[in-house]
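Between the sequences and the hints, there should be enough to build the whole structure, so can you do that?
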Amino acid sequence: MKFGVLVFPGSNCDHDTYNVLDAVAHQPVTFLWHESTDLQGCDAILVPGGFAYGDYLRTGAIAHFAPVMGAVKKFAANGGLVMGICNGFQILTESGLLQGALMRNAGLKYICKQVHLRTETTDSPFTASLSQGEVLQMPVGHMEGNYFCDEATLTQLEKQNRIAFRYATPEGLVTPEANPNGSLKNIAGVLSEGRNVLGLMPHPDRSSEAMLGSADGLKLFQNMVSALAAR
Amino acid sequence: MPNETQAQATQVPTPARITPELLKLHSITAEEYARIEQALGRTPSLTELGIYSVMWSEHCSYKSSRVHLKRLPTKSELVVQGPGENAGIIDVGDGWACAFKIESHNHPSYIEPYQGAATGVGGILRDIFTMGARPLAVMDSLRFGPLDDTTLPKEITHKNHAVVEGVVHGIAGYGNCFGVPNLGGETRFEPCYSGNPLVNAFALGLVKRDEIFYAKATGIGNPVIYVGAKTGRDGIHGATMASEEFKEGSEQKRPNVQMGDPFMEKLLLEACLEVMQIPGAVAGIQDMGAAGLTCSTCEMGARGGVGLEVELDNVPQRETGMNSYEIMLSESQERMLLVANEGREQEVLDVFAKWGLDARIVGKVIAQNRMRIFHHGELVADLSNESLTDDAPLYHRPVGTWAPPVAKEAPAGVLDKAVDYTAALTKLLAASNICDKRWVFEQYDSMVQTNTVQGPGNEAGVMRIKGTSRALSMALAGNGRWCYLDPLTGAKHAVAEAARKVACTGAKPVAATNCLNFGNPEKPEIMAQLSAAIDGIAEACNALGTPVTGGNVSLYNETRGVGIYPTPVLGIVGILDDVTKATPAHFSQAGDVIVLISPNTAKPSNWQAEFGSTEFAKTVVGELWGVPPAIDLDNEAALHQMLQLLARRNFITSASDISDGGLAVALAKATFRAGLGAEVKIDTELGGLQTLFSEPATTVLVTCSHKSVEALVGTIEKDGTLMAQPIGTVTAEATLSVTVGSENVIRAAVGELKQVWSQALESRLATEVLA
Chain G
1 MKFGVLVFPG SNCDHDTYNV LDAVAHQPVT FLWHESTDLQ GCDAILVPGG
51 FAYGDYLRTG AIAHFAPVMG AVKKFAANGG LVMGICNGFQ ILTESGLLQG
101 ALMRNAGLKY ICKQVHLRTE TTDSPFTASL SQGEVLQMPV GHMEGNYFCD
151 EATLTQLEKQ NRIAFRYATP EGLVTPEANP NGSLKNIAGV LSEGRNVLGL
201 MPHPDRSSEA MLGSADGLKL FQNMVSALAA R
Chain C
232 MPNETQAQAT QVPTPARITP ELLKLHSITA EEYARIEQAL GRTPSLTELG
282 IYSVMWSEHC SYKSSRVHLK RLPTKSELVV QGPGENAGII DVGDGWACAF
332 KIESHNHPSY IEPYQGAATG VGGILRDIFT MGARPLAVMD SLRFGPLDDT
382 TLPKEITHKN HAVVEGVVHG IAGYGNCFGV PNLGGETRFE PCYSGNPLVN
432 AFALGLVKRD EIFYAKATGI GNPVIYVGAK TGRDGIHGAT MASEEFKEGS
482 EQKRPNVQMG DPFMEKLLLE ACLEVMQIPG AVAGIQDMGA AGLTCSTCEM
532 GARGGVGLEV ELDNVPQRET GMNSYEIMLS ESQERMLLVA NEGREQEVLD
582 VFAKWGLDAR IVGKVIAQNR MRIFHHGELV ADLSNESLTD DAPLYHRPVG
632 TWAPPVAKEA PAGVLDKAVD YTAALTKLLA ASNICDKRWV FEQYDSMVQT
682 NTVQGPGNEA GVMRIKGTSR ALSMALAGNG RWCYLDPLTG AKHAVAEAAR
732 KVACTGAKPV AATNCLNFGN PEKPEIMAQL SAAIDGIAEA CNALGTPVTG
782 GNVSLYNETR GVGIYPTPVL GIVGILDDVT KATPAHFSQA GDVIVLISPN
832 TAKPSNWQAE FGSTEFAKTV VGELWGVPPA IDLDNEAALH QMLQLLARRN
882 FITSASDISD GGLAVALAKA TFRAGLGAEV KIDTELGGLQ TLFSEPATTV
932 LVTCSHKSVE ALVGTIEKDG TLMAQPIGTV TAEATLSVTV GSENVIRAAV
982 GELKQVWSQA LESRLATEVL A
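If you read the sequences in order, they're chains G and C. Start counting the first sequence at 1; every next residue gets the next number (this note's numbering). Start counting the second sequence at 232; every next residue gets the next number (this note's numbering).
Hint data in this document are derived by calculation from the structure and do not stem from the laboratory. Worth double-checking, as some hints may not be accurate.
[Stated by the list, open to error] Listed next, the in silico DSBU-like pairs over lysine-lysine satisfying Cα-Cα at most 35 Å (straight line): (1) Lys439/C with Lys219/G; (2) Lys255/C with Lys390/C; (3) Lys219/G with Lys985/C; (4) Lys113/G with Lys301/C; (5) Lys113/G with Lys739/C; (6) Lys109/G with Lys301/C; (7) Lys390/C with Lys849/C; (8) Lys301/C with Lys255/C; (9) Lys585/C with Lys109/G; (10) Lys697/C with Lys113/G; (11) Lys2/G with Lys113/G; (12) Lys697/C with Lys2/G; (13) Lys109/G with Lys938/C; (14) Lys109/G with Lys385/C; (15) Lys585/C with Lys73/G; (16) Lys739/C with Lys585/C; (17) Lys2/G with Lys439/C.
[To be verified] Computed spacing ranges between beta-carbons, pair by pair: (18) Pro67/G with Thr551/C: 31 to 39 Å; (19) Asp22/G with His937/C: 40 to 48 Å; (20) Thr832/C with Pro170/G: 39 to 47 Å; (21) Ala106/G with Glu916/C: 40 to 48 Å; (22) Arg58/G with Lys385/C: 42 to 50 Å; (23) Met954/C with Phe148/G: 57 to 65 Å; (24) Leu108/G with Ala963/C: 53 to 61 Å; (25) Trp33/G with Pro957/C: 55 to 63 Å; (26) Asp22/G with Arg978/C: 47 to 55 Å; (27) Arg58/G with Pro642/C: 55 to 63 Å; (28) Ile387/C with Ala106/G: 27 to 35 Å; (29) Gln577/C with Gln40/G: 25 to 33 Å; (30) Gly315/C with Asp22/G: 34 to 42 Å.
This one's a predicted model, so the numbers in the text were calculated from it and none came from an experiment. All residues carry an ideal CB built from backbone N, CA and C; glycine is no exception.
Listed below in structure tokens is the structure:
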């Protein structure tokens, strides 16, 4: 079992994600350079947070054209596990691997703080061990995290149970006050139709050790490990 | 580059036509020009005159402050690198060292707040990674004019709003994209910073003890390589601008402000650190900050006792038709100058190519201790390095006396009035110097790199060092109002408060960096402030064991002839051997006992004079008088050692500093994080005002479990220097209740107090003065 962490120029959280897999989850992990099309036999791909290519254009818009993303699309089409965190989520929506778009935060400012998420589905390789409605604490850190999709897509996402997480209060209530960025229906993370691709704005990589404020994010990585082991 | 060195020796750069106007444009005095002619033995070329003007500017040469800075302590067994390099370095153990420094970007941040602040962050980050250190954290000390002072003209209030928004946005934009966590720092507001905000950026990075790089050129014949962004016409004469007072029309200087590209800087970071990992490839490296290519060329040569010869045709340029004057003085950002070892240059160039960055060989190291600059093959500058650096003018400016124009005693009657303490506390919690700075620090990524154990909103920032059990703790402090009343005492407080905050986390404060923000040094009373403040810093740093390893001086902080408060800002770094023992700043457990630790000395008799320096006097009374609180540095050192001991022994569950607003504010703020309450009863003969709202030095609040109170008090009072006074308990019910003597003087719902505190800054910012 091997994990691959993509590295774009400007991927600041590549090392953070690598560190969780290596030092906390104790899994084999390697970096994958954006110009390469060889995924080196990795069994799961992490698209990390940060500012790929500086994101001076729409976030993720340039990363979508990176050679490595062509390989990731093929990998995902074959059922490979892909998790995109923050900028990684933005890259996955730009690449068409996930539906919807991440717009500028409703407050128009970058926002970094701890938030709470309500688990909306346990039917995925990332959330299988969680219980329905389980509240997780993770931080967000983004300028463009305001999830949006058209009504037809929203209906489809809801019908197919593909909304993975919503922003909620610590008690698990989905309220406007708990929504940090104006996301449609408090959506914090969504799954692909095949349920093998997850994108989310909050950072499980920054919440995998209690010393950093929360270890809830580790559960997502552990679920990926279990899912791969079961394959 | 011409090959015939013989021919060059006889070449002389074309003399400029020197006029008084030309000298004035370059901020060079007649005396300074005479020195230049004497040093050269001829008339300088225009490029040479430009080079002198930036290198001899106050910003680069420290000509007014250098004689005084010598009084600062700079050594200890942990100091690896003191002042004089890009950043100071201390040994932190386990084979690691940390590089850190604070620098001002005040003037640019007023003219163009976003870019001014952003490039301030960019500049200090380059100072860190040019030494081989990966930036671990940044913090900022910010000073702004008021947002809601109705006595100010509307356009000033509007500008203050724009500066706050722009500066915070600029710091966020740069640091977030670069990928370094920002741990907050401090933000204060005073009327004197209208028109002259302070933006002091601190950065700290980690480097292996034996992998430090220096800004020193060595090895005759070694290639000089330019890397990073292309050179444009931006920022020309930025260093000279930062050395002048602001006048009407300073906004016209906007082209002097540089533009930042944080993505470029991120690539530069990764490429530089990668190239430094190739054994023996890099001989020396320096960033191009103030005075750009000029400064890096002569300083690297001077440090190595050699010279650099550069052909400007090889410098990557963003614009066509730039002349040698412009290229040498450009302050385009995200550039570095690197000396490779001969024969290794291709390996260096390959790494930069991988990261998509420009890297060009622009010259070589020569034996003569000179900078020789060619353009289109023609010699345009030929100057001795020393004449630009060590031989820069050194002024013993007249030091006058400073007496603040305020009353020594409290205005009659103001301290005898009956006060509703709950209302006063509420008002203080909303005060701009006390209220929650969430609006500022939530715009900063404080968690990237996953090392942040204590982020913004705590006493100090605490960062773990991965792969070790250690952490680094860091804090900034500097109360300009106190320094205005008494620069010597105020500066001691700046050191003591920053170090106390670090000690509250359980860390041992070990080193300091300072940013000295003052007015016009040509005024004797300003020099008196500067000199006294440096004395205060020196005394406190000696007493607390925190030598100054570097920093920055920012003078001429005046607008329309009115100076800012003298504002020395101190950054203190501390080492925590066991990160799991970091002490939090907030109450966490109902039932814990609250203990006040203070020096075991008689209370000051002149509390009424000291009370004039408090936030209460400013916010509730609306007056300023008297002196800052007295401080005994030996007691302060004893307190810091005690806090470390208590953390090591897991004795305490929280520790927080009594500062702005006094004990009442400290109690309230300690309850907010966990939404707990406190039931406090203080046995004292002193009045409520003095007990709750004075701001005594060397005083902290700690909490401990009920069963360890006796042991805690015994430990603290053991040697007689400090006293420990249990004053109450943390309660599950979220009410703050404070009794002084026999009278219950404060009773309020914590939720309501917190609401006031957390919304104050945002609501002030939202209430734009549109009417």
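Hints versus structure:
1. Lys439/C with Lys219/G: Given pair Lys439/C, Lys219/G holds - Cα atoms ~33 Å apart, limit 35 Å.
2. Lys255/C with Lys390/C: holds, 30 Å
3. Lys219/G with Lys985/C: Holds - the C-alpha atoms of Lys985/C and Lys219/G are around 33 Å apart, at most 35 Å.
4. Lys113/G with Lys301/C: violated, 43 Å
5. Lys113/G with Lys739/C: holds, 28 Å
6. Lys109/G with Lys301/C: violated, 44 Å
7. Lys390/C with Lys849/C: Holds, because 23 Å separates the two Cα atoms, which is no more than 35 Å.
8. Lys301/C with Lys255/C: At roughly 30 Å apart (the allowed maximum being 35 Å), Lys255/C and Lys301/C satisfy the hint.
9. Lys585/C with Lys109/G: Holds: Lys585/C and Lys109/G sit about 33 Å apart, inside 35 Å.
10. Lys697/C with Lys113/G: holds, 22 Å
11. Lys2/G with Lys113/G: holds, 31 Å
12. Lys697/C with Lys2/G: Since the Cα atoms of Lys697/C and Lys2/G sit roughly 23 Å apart, the hinted pair holds (cutoff 35 Å).
13. Lys109/G with Lys938/C: Not satisfied, since the Cα-Cα distance of roughly 47 Å exceeds 35 Å.
14. Lys109/G with Lys385/C: holds, 26 Å
15. Lys585/C with Lys73/G: Since the Cα atoms of Lys585/C and Lys73/G sit roughly 25 Å apart, the hinted pair holds (cutoff 35 Å).
16. Lys739/C with Lys585/C: violated, 42 Å
17. Lys2/G with Lys439/C: At roughly 30 Å apart (the allowed maximum being 35 Å), Lys439/C and Lys2/G satisfy the hint.
18. Pro67/G with Thr551/C: 31 to 39 Å: holds, 34 Å
19. Asp22/G with His937/C: 40 to 48 Å: Since the Cβ atoms of Asp22/G and His937/C sit about 42 Å apart, the hinted range of 40 to 48 Å holds.
20. Thr832/C with Pro170/G: 39 to 47 Å: With a Cβ separation near 45 Å, Thr832/C and Pro170/G satisfy 39 to 47 Å, so the hint holds.
21. Ala106/G with Glu916/C: 40 to 48 Å: violated, 54 Å
22. Arg58/G with Lys385/C: 42 to 50 Å: At roughly 37 Å between Cβ atoms, Lys385/C and Arg58/G fall outside 42 to 50 Å, so the hint is violated.
23. Met954/C with Phe148/G: 57 to 65 Å: About 60 Å separates the Cβ atoms of Met954/C and Phe148/G, which means 57 to 65 Å holds.
24. Leu108/G with Ala963/C: 53 to 61 Å: Cβ of Leu108/G to Cβ of Ala963/C: about 39 Å, so the range 53 to 61 Å is violated.
25. Trp33/G with Pro957/C: 55 to 63 Å: holds, 60 Å
26. Asp22/G with Arg978/C: 47 to 55 Å: Holds: the Cβ-Cβ distance is about 53 Å, inside 47 to 55 Å.
27. Arg58/G with Pro642/C: 55 to 63 Å: holds, 59 Å
28. Ile387/C with Ala106/G: 27 to 35 Å: holds, 31 Å
29. Gln577/C with Gln40/G: 25 to 33 Å: Taking Cβ atoms as reference, Gln577/C and Gln40/G lie about 28 Å apart, which means the hint holds.
30. Gly315/C with Asp22/G: 34 to 42 Å: Holds, at about 39 Å.
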